[in-house]
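Chemist: One-letter residues, chain by chain:
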Amino acid sequence: MSETLLSIRDLVVHYGVIRALSGISLEVPRGKIVALIGANGAGKSTTLRAISGLLRPTSGAIEFQGRSIAGIPSHAIVAKGVAQAPEGRGIFLNLTVKENLDLGAYLRRDRSGIDADRERAYALFPILKERSAQVSGTLSGGEQQMLAVARALMSRPTLLLLDEPSLGLAPQFVDRIFQVIQEINEAGVSLLLVEQNANMALQVSHHAYVLETGAIVMQGSGAELLASPDVRKAYLGE
Amino acid sequence: MTEFLQHVVNGVSLGTIYALIALGYTMVYGVLKLINFAHGDVYMAAAFAGFYIATALGVRDHPTIGKALAVLVGSMAAAGALGWAIERFAYRPLRNRPRLATLITAIGISFLLEYGFQLPSLQAQGRTFEEVLRGWGWAVPGWLHSLVGVLPSTFPPGPTPRFFPEPFTRIDWTVLGGVHVSNYDVVSFLVAVGFMLLLQWIVYRTRFGTAMRAVSFDPRVAGLMGIPVNRVISATFVLGSVLAAVAALLVAGSRPRIDPIMGLMPGLKAFVAAVFGGIGNVPGAMLGGIVLGLAEEMVAGYTVSSFRDGIAFAMLILVLIVRPEGLLGRPTVEKV
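The listed protein sequences derive, respectively, from chains L and V. If you count by our numbering, then the first sequence holds residues 1 to 238, one letter each, in order. If you count by our numbering, then the second sequence holds residues 1 to 336, one letter each, in order.
These aren't lab readings, by the way, just hints derived from the structure by calculation. Watch out, some of these pointers could steer you wrong.
[Stated by the list, open to error] Below, in silico cross-link-like pairs of lysine-lysine (DSBU-like), each with a Cα-Cα straight-line distance of 35 Å or less: (1) L/K32 / L/K98; (2) V/K33 / L/K129; (3) L/K98 / V/K33; (4) V/K33 / L/K80.
Starting from the given sequences, assemble the full structure and let the hints guide the process.
Modeler: Below, the structure is given as structure tokens:
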């Protein structure tokens, strides 16, 4: 087993009085793709929000590279190397495609490195290059999703959190996104992937957790879970 | 025709002032969705800061361009500090509360400044600030002590109007066969336009401006980009307050009477200008200010001059009925 990059222990998160996560523990090893699957409202996005500092945990530990990141502001967590492409894509629809990409690199100062990474993003998603000067509100849903992933990469993260990257996308875009997820991983970025599309998520991930009403009920390698009758029944529609 | 041109000159001159103040409303609304009703009073406080600095420098007896600049910069710094403090200590603790709480707090801060400035000065009371605080049973921390030491003994100014010293000699020109333009009009116009262009550049061309627009669109996602959202919000207040200080000094140069409630009317009208142009929209606030200034001068010139103040609010009602998103604003779709 390789070194642990992100480690969550007994994480409890509340929205007001409602308990969204009741003590989950999970790990993301360096260099791996880890998937978090589960139904709507199971607490998948809540987990990512807590990691990124958008929600304050009630209790439990979140450690990145051995240091606690629980309760520190979002921007400081990005500075440590954890980027997120949030649920609903979170594109700044009032800004251009290029401005969105450059905001992803907000904390970086190396202008030439940023330019190079922007070109790499354009190579990954050529449509973004064509649209670079357009206000991103004019992009289609699939294009916005590509922009969200490309933008999160602009911070050169060590760990990338992706929240439902395939949600609402046409099938050819879904294939493309998962292909890119693997390419990103091969380039050395670790990923924590939240997905409702369990089939695709399990196919690309090294390890996966199944979340049900705020608790982890199953875990294993992607292949193991794909073979599990329970998973096939609950999440793959068999 | 000469009369019309004269109204245009006066209207544009007034309008640039409204535009400068309106920018503060619109930027704060952009990042926080808050109408900062204390903004007009920051404008007032900036005028007084300028007044105290000018008095200390002896501008009344020996005006120089250098002193005028020092007054401008000093007043901008004081206003920026005040705007920063208002956000940090009054609004930020309420950030995650219902928006109404912050709005009412804004009105409270507005009253606090308007009536706080009407208190008799410490000199008139024959007491030091420290004695006042001790009288309330407060201990004075060291940093506050040194901060208070900077305040002039004639602060607060009290309710009696003061007269701003003339920073340079007034020169009147007659152009185009009868239109009166003074060097004050010219300087005021150039300075106001200069600052508006500078702001336009900051908002649309710099990294900070992009961050500001991102925070305005979605502060949570902005944080996920690594943008320090609180710092951007603070900077927005500072920027808006600095522009209010510029407006205050441009006004005080040609209409020198200043008093603690001088911010009320211009504040309300600039708010109207911001709404008219589309609240949250920077070019909209500039356009709204100019249109409002022109409308006011035209109404005062061609109808009854006491309608002057009414036109702003008539325009507010009209725009809210016909085009609630404002001239340059984008309509927001209420999601159900």
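Chemist: Which numbered hints does this structure break?
Modeler: none
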